[in-house]
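Residue numbers (this note's numbering), protein chains in the order written: chain S, 152 to 468; chain W, 152 to 468.
No wet-lab data here; the hints were simulated from the structure.
Just to be clear, a hint being listed does not mean it is correct.
Remember, identical chains collapse to one label, so a pair may be satisfied in a single copy or spanning two.
[To be verified] Here are the computed lysine to any residue pairs in the SDA-like style, where the Cα-Cα straight-line distance is at most 25 angstroms:
1. K248 / E216
2. K430 / T443
3. K441 / P257
4. K430 / D197
5. K301 / E409
6. K429 / R329
7. K153 / N214
8. K441 / D321
9. K466 / A382
10. K281 / D233
11. K430 / N379
12. K430 / F184
On a predicted model such as this, the values are computed, not experimentally measured, just so you know.
Protein chains: 2
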Amino acid sequence: MKEQYSIGIDVGGTNTDIGLVNEKGTIVARTNFSTAEHNDINVYMDTIAEKVRSLLVNNNITNIEGIGIGAPNGNYYTGCIDNAPNLHFGGNIKVKKLLESRLGVPVVLSNDANAAAYGEFIYGGGRGMKHFLMVTVGTGVGSGFVVDGKLIHGHGGAAGELGHSILIPDGRQCSCGRKGCLEAYTSARGICRTCWELRNEMPEYNGVLANVDKDELTSQMIGEAANNGDALALKTFELTGHWLGLACANAVTFSSPEAIFLMGGPLKAGDVFVGPLKKSFDEHLLNIYKGTVEIRLSELKANDVAILGAAALLKNK
Amino acid sequence: MKEQYSIGIDVGGTNTDIGLVNEKGTIVARTNFSTAEHNDINVYMDTIAEKVRSLLVNNNITNIEGIGIGAPNGNYYTGCIDNAPNLHFGGNIKVKKLLESRLGVPVVLSNDANAAAYGEFIYGGGRGMKHFLMVTVGTGVGSGFVVDGKLIHGHGGAAGELGHSILIPDGRQCSCGRKGCLEAYTSARGICRTCWELRNEMPEYNGVLANVDKDELTSQMIGEAANNGDALALKTFELTGHWLGLACANAVTFSSPEAIFLMGGPLKAGDVFVGPLKKSFDEHLLNIYKGTVEIRLSELKANDVAILGAAALLKNK
């Protein structure tokens with residue numbers, strides 16, 4: 152009997168990652184391309200279809216179970232991406248329909264962070280847990296809630312938008328059009344913005360980030376500087392950890408999870424970020440929850456979890 | 152065949168309400184006493200037991216199914232009230248054990264707001280819904296989440312503490328020991344505090360609340376003044392509605408509910424409170440949720456829902 156394969160696709164604001172996944176949950180081949188360079192949804196869908204076909208041809212696979220997609224604002228019920236603030240395609244994008252018509256296989260869509268949570272649930276640190284929360288930190292900040300062993304999709308199909316809970320009323324402008332969202336503070340872009348603001352408050356600063364242009368600053372750069380002891384970068388992650396720790400403590404009041412898993416590029420900074428985050432979480436956690444919940448890093452590689460989670464959604468349809 | 156009765160008990164920071172409930176969900180008799188005047192948990196439990204026995208004797212009932220209790224920080228799994236900030240009894244109170252030993256019938260405990268949500272689910276506007284949120288506004292601010300047709304208790308048993316999510320970082324001191332909790336702004340006490348603060352900013356104010364002492368001010372008084380057009384009282388509810396609307400919009404990002412039900416004494420103020428609340432909710436709601444969720448008032452009497460919900464918990468054990 153031939154092994155059954157599926158495709159997992161992670162639609163990020165910056166890149167789109169596509170993986171060919173076997174039944175054991177191993178990504179046997181993968182490819183990616185720039186999401187940000189696409190402005191036309193039909194061209195974007197053509198590119199996805201072409202990349203999927205190439206993956207199958209290159210691996211001598213003629214038949215797949217289907218395609219699971221994790222995307223910002225991906226709606227499990229409707230199969231549409233609805234006005235995702237981090238994508239150039241506006242309106243309601245009928246991803247499921249557009250891709251099924253191109254490839255002729257079943258397509259399942261969910262919020263990218265929901266998919267990541269599902270990946271952690273099936274393959275990672277969430278195995279065996281009934282209640283946990285996944286927080287993804289990248290171009291945006293997403294989340295997925297597992298409650299009583301099931302992923303929450305909610306009434307509208309788009310539950311788990313922690314990144315767009317308002318952390319600081321009337322605070323920073325967010326890409327969603329509102330002000331003060333968690334995402335405006337702790338996404339990769341939010342981290343760069345914090346660093347830039349702090350630099351303007353530190354005229355005496357002359358470290359490695361002193362001569363970096365605003366547009367060239369990246370959260371990775373700040374993470375490396377922080378790990379080399381740079382004062383500005385350390386202060387940036389202290390503040391970012393403070394905000395994300397507070398948001399995580401707030402999230403506990405909803406579902407009382409056993410763990411909050413974190414994943415995404417900026418987490419690679421390590422202790423300089425996670426240390427202040429855990430400190431803030433402990434400080435802001437309501438006393439009745441103390442000892443019942445812990446902050447953990449995803450046990451899956453940041454690059455794998457979204458693809459695996461997306462592919463795993465097919466098992467759950 | 153004899154009709155089966157149960158007892159529902161609502162433990163509030165101010166009063167304890169006890170109701171005798173029949174199978175149809177009608178409260179056939181009720182009594183109440185002051186919680187706030189009790190400092191000793193054993194005397195408090197003796198009082199509950201005595202009141203329950205009187206209710207049964209006065210109604211010629213010799214046998215009940217059990218007792219359901221809704222209480223702040225009531226833990227469904229352990230049967231304990233854990234360090235409730237609005238109660239004078241500190242530590243972990245073994246309510247289930249203490250009451251079962253006194254009355255010899257099964258006792259089920261949950262968070263008071265969870266019980267209210269369950270009451271709305273079984274008897275009120277939440278009938279037939281799969282996803283909704285109940286927010287209770289009283290001495291404290293509580294909440295209960297129904298997700299996929301089930302009440303969320305979470306890992307630790309105390310899910311749904313929306314009142315202790317931090318709305319304004321480093322904001323008002325809350326009774327829980329932290330700062331900026333929603334409850335510090337929109338509970339009955341929070342409303343009085345807002346009114347008092349606003350009055351100090353309005354030296355020209357000479358309305359009905361001008362000569363009320365700080366300790367004598369109540370949210371009911373402010374509600375009545377607002378409905379008579381008092382500027383200070385109206386401004387108080389505008390701000391309170393603004394904050395609660397923002398918190399409700401944030402809550403939607405978690406579970407994407409079909410409705411948010413509101414109940415509690417201060418809601419009796421009506422449109423002067425609910426109007427600004429809905430306005431703020433609409434302003435702060437992430438665009439993908441628009442049209443999928445509505446703010447509604449509980450369809451059960453504020454005095455009934457907690458007792459009915461508590462009694463209904465017995466059906467769910």
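| task | Return the numbers of the hints above that this structure violates; sort them in rising order. | result | Structure breaks hints 3, 4, 9, 12.
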